[in-house]
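**Student:** These protein sequence lines map, in sequence, to chains A and B. Once you know that position 112 of the first sequence is 112 in this note's numbering, the rest is easy, because the numbers rise by one and skip nothing. Once you know that position 179 of the second sequence is 179 in this note's numbering, the rest is easy, because the numbers rise by one and skip nothing.
What the hints contain is simulated information worked out from the structure, not anything from laboratory work. Worth double-checking, as some hints may not be accurate.
[What the hints assert, rightly or not] No farther apart than 35 Å at their CA atoms in a straight line, the calculated lysine-lysine pairs in the DSBU-like style are these:
#1 B:K142 to A:K385
#2 B:K326 to A:K446
#3 A:K388 to B:K132
#4 B:K142 to A:K388
#5 B:K326 to B:K2
#6 A:K330 to A:K446
#7 A:K388 to A:K330
#8 A:K385 to A:K446
#9 A:K400 to A:K385
#10 B:K3 to A:K400
#11 B:K132 to A:K400
#12 A:K330 to A:K400
#13 B:K132 to B:K142
#14 B:K132 to A:K61
#15 B:K132 to A:K385
#16 A:K388 to A:K446
#17 B:K142 to A:K446
#18 B:K2 to A:K400
Being a predicted model, the structure only gives us computed values, none of them experimental.
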Amino acid sequence: MQADENSLSGRVTGPPLLSMRGISKRFPGVVALDAVTLEVGRGEVVALCGENGAGKSTLMKILGGVYQPDAGEILIDGCAIAIRNVNDAMRLGVALIHQELNVLDNLDVAANVFLGREPRHRFFGLIDQRRLHADTAPLLRRLGLEVSTRTRLDKLSLAHQQMVEIAKALSQNARMIVMDEPTSSLTLQETDRLLSLVSELRNQGVSVVYISHRLGEVERVADRVVVLRDGRNAGELNRDQISHERIVRLMIGRDIQAFYAESHAARVPGFLQIRNARSSRYPQHAVLLDAAQGEILGVAGLVGAGRSEIAKAIVGLDSSGGAEISLGGKRIDIRRPKDAISQGIYLVPEDRRGAGLVTEMNVRENISLPSLRRYAPLCLIRRSKERKTADQQIAALRIKTPSAETRVVNLSGGTQQKVVLGKWLAMLPRVMIFDEPTRGIDVGSKAEIHRIMRQLAEQGTVILMISSDMEEILHVSDRVVVMHEGQIAGVLDRPQCTEENIMNLAVGKISGTVR
Amino acid sequence: MKKIIGILLLFIVLCAVTTAVNPRFLSQANLTNLANQIGMFGLFSIGAGLVIITSGIDLSVGSMIALTGVLLCMELSDWHWPWPLAVLSILLLPSILGWIHGVLITRTNLQPFIVTLCGLLLYRGLARFIAKDSTKGFGDAKGIEWLRFAASGRLFQMVDSATGKDSFSGIPMPFVILIVVAAIAWVALHWSVYGRYLFAIGRNEEAARFSGINTRRVVTSAYVISGLLAGVSGIVFAFYTNSVSPSTYGNFYELYGIAAAVLGGCSLRGGEGSILGIVIGTAILQVLQNLVNLLGIPSSLNFAVMGAVVLVGVLADQLLQNRARKRLARARS
């Protein structure tokens, strides 16, 4: 790109625009950031890279005033400042553009750009429509966005809506724009356009912090790359050092404390065959998966790679998607969740509280929910039978609850997840798909859940484990499938399961070269 | 359970207050009349409650009652249908309408409020149109004595042969029907698989779907039941009033049903409520009307009194819940 070459000329000497020093942030049970430092110069594009959970988002939320740091200082133009809320950030010229856009799609472009700061008529306090639109037009021109200021946002593509957000940032005289995964839902051309816009902003003297998993984009647009790993600075690369391999190496360069214990369970390869699985998110890609009986198949990938979507399609939860499935050599027709459940194919969903449990109900009622008919001869529920199964699961999984009658809301995250497991284990699973089985769960419960998974596998249940936690993937999986943007990027047998191999496939570097 | 005790207390207090001011409240004639009213209004309130438990709402009940009432009169007196056929059609029609509501809500994602509001307007208009906006009665309908008894008679009525007056004025049939329907609904809601599904869907439809429950069918069935019970009410009301004027008949009844359900502990957020609560809620609303009459309060204030009591009841419940939540939070920290 031509713009890349003039970028350095725009730099000014003196204190950097932004400097965050020694930023630390703890959440209950985790250290999200540990003395992280980030500097951004004027008119500089800094890419912030790191694995899922490396601390990128937390750092940016501190910059945006969403979180307060536990330690460290933030300097803008060399002056220490405090960012107590989003308005402070705005006043200091920092604008955040989130992955999920914050636009009101029932209003027009101009209304969105000046939301909350509408120009008023002098006498009546009504909105000065003429000035509103007159002020918006030059901003759109500056971004090369050729739409009317009177277009409603729901008439615009996602890429254009994003531009409107950028216009909004510029209208507030933002000197620095943070973009969090800005291209995750853009097409190729739109991505191209956004990247040239980033270069254009830099030429206009606006700094950009660019967060992306897509290293190709980072290579194209960044003046400097800052890599975070496990909440710490892992290293920096200057423009001339930036390369795909170097970034990946910095992202993963740690000793993972994950010792894989080899399983000696009998394997029946190809016991579960999934063909032509399509989700409504990536309808153009058909996914093919094989899993052996007795193994735990890890499904790795970056957030948004379409893993959960495929899982839902498999168990019949995606009405416009679906899959051809054969289990133990027998073809299975799944049209709705009930079909999957009747075949012993269960999903432990990612969203425990939203989809896994009815949190206002008690443990007994949650465990019996999918198999209720079993406890109900003549359709009337026998609570004693229900209770017996619940108590069995509570004992078998060591669910820490005062009783089976305790409402699930009152239990901890790890315990709740065990209730979800209990409800499916009571029904003798043949295939279990775990989606982020231990996210947000304490270490103790995590180990127990892993142990339960291994036990299940040894008893002959096919296990698919979707996880964004690299440690978990390496620790538990017998084989790993890596997905990238709705497709299988590669399958790794145990000896090839290294963090580097998985990351390379996950960022979509080159599929098929890792052998 | 606590909720039911709360509204039961409210009910008893209301009865006690009314009795203290006007002892005629406890007279046989008044109690019989009250039971009759509770029976008629309770029937469709149970339907309204079931729909509310799925986190939906049914606004079409009043118009359905008008439509079925008008049709029943016309079938029996104008078209001379045999009564079993008439009753069957009157039960079937609102059930089908309820099914259509349910299908529209679950398949097309229309909001329950909108779908049933359209029903409210549609059926009222249809009722007026087919009756040519004139009042319908049973006129010269023959052979409906049994049906008339089943819908508006009195069970165990005893007449003193000496005076010719009632020695026991009997249990009004609508009340008997309500007891039967409430018992069935109670078992279905609190003891059957179906009832558990209703609560689960009302609380968290997504989780219910992930558990393999056919949420569309269960939600639709709630609207079917609501329609069916509106049909039963339609028959009962028609024989109670003996004439049906389609423009005013059953006006606002959907709101009585919703008020009774909410007063009885159903949450419009769904997943909460009980049959006993709904029945007591209905009883409270009817006692209130009775109270207005017996206390000589101008009947124009009828709605105002009802609104105030529902508001106080719901507010008290909410405040108690907030307090309990705060206490729980304090206990945890």
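**Student:** Compare the structure with each hint and give your call.
**Tutor:** Tested hints:
{"no.": "1", "hint": "B:K142 to A:K385", "result": "violated, 54 Å"}
{"no.": "2", "hint": "B:K326 to A:K446", "result": "holds, 31 Å"}
{"no.": "3", "hint": "A:K388 to B:K132", "result": "violated, 62 Å"}
{"no.": "4", "hint": "B:K142 to A:K388", "result": "violated, 58 Å"}
{"no.": "5", "hint": "B:K326 to B:K2", "result": "holds, 18 Å"}
{"no.": "6", "hint": "A:K330 to A:K446", "result": "holds, 34 Å"}
{"no.": "7", "hint": "A:K388 to A:K330", "result": "holds, 33 Å"}
{"no.": "8", "hint": "A:K385 to A:K446", "result": "holds, 30 Å"}
{"no.": "9", "hint": "A:K400 to A:K385", "result": "holds, 21 Å"}
{"no.": "10", "hint": "B:K3 to A:K400", "result": "holds, 29 Å"}
{"no.": "11", "hint": "B:K132 to A:K400", "result": "violated, 67 Å"}
{"no.": "12", "hint": "A:K330 to A:K400", "result": "violated, 39 Å"}
{"no.": "13", "hint": "B:K132 to B:K142", "result": "holds, 23 Å"}
{"no.": "14", "hint": "B:K132 to A:K61", "result": "violated, 67 Å"}
{"no.": "15", "hint": "B:K132 to A:K385", "result": "violated, 58 Å"}
{"no.": "16", "hint": "A:K388 to A:K446", "result": "holds, 26 Å"}
{"no.": "17", "hint": "B:K142 to A:K446", "result": "violated, 75 Å"}
{"no.": "18", "hint": "B:K2 to A:K400", "result": "holds, 27 Å"}
When each numbered hint is compared with the structure, violations occur for hints 1, 3, 4, 11, 12, 14, 15 and 17.
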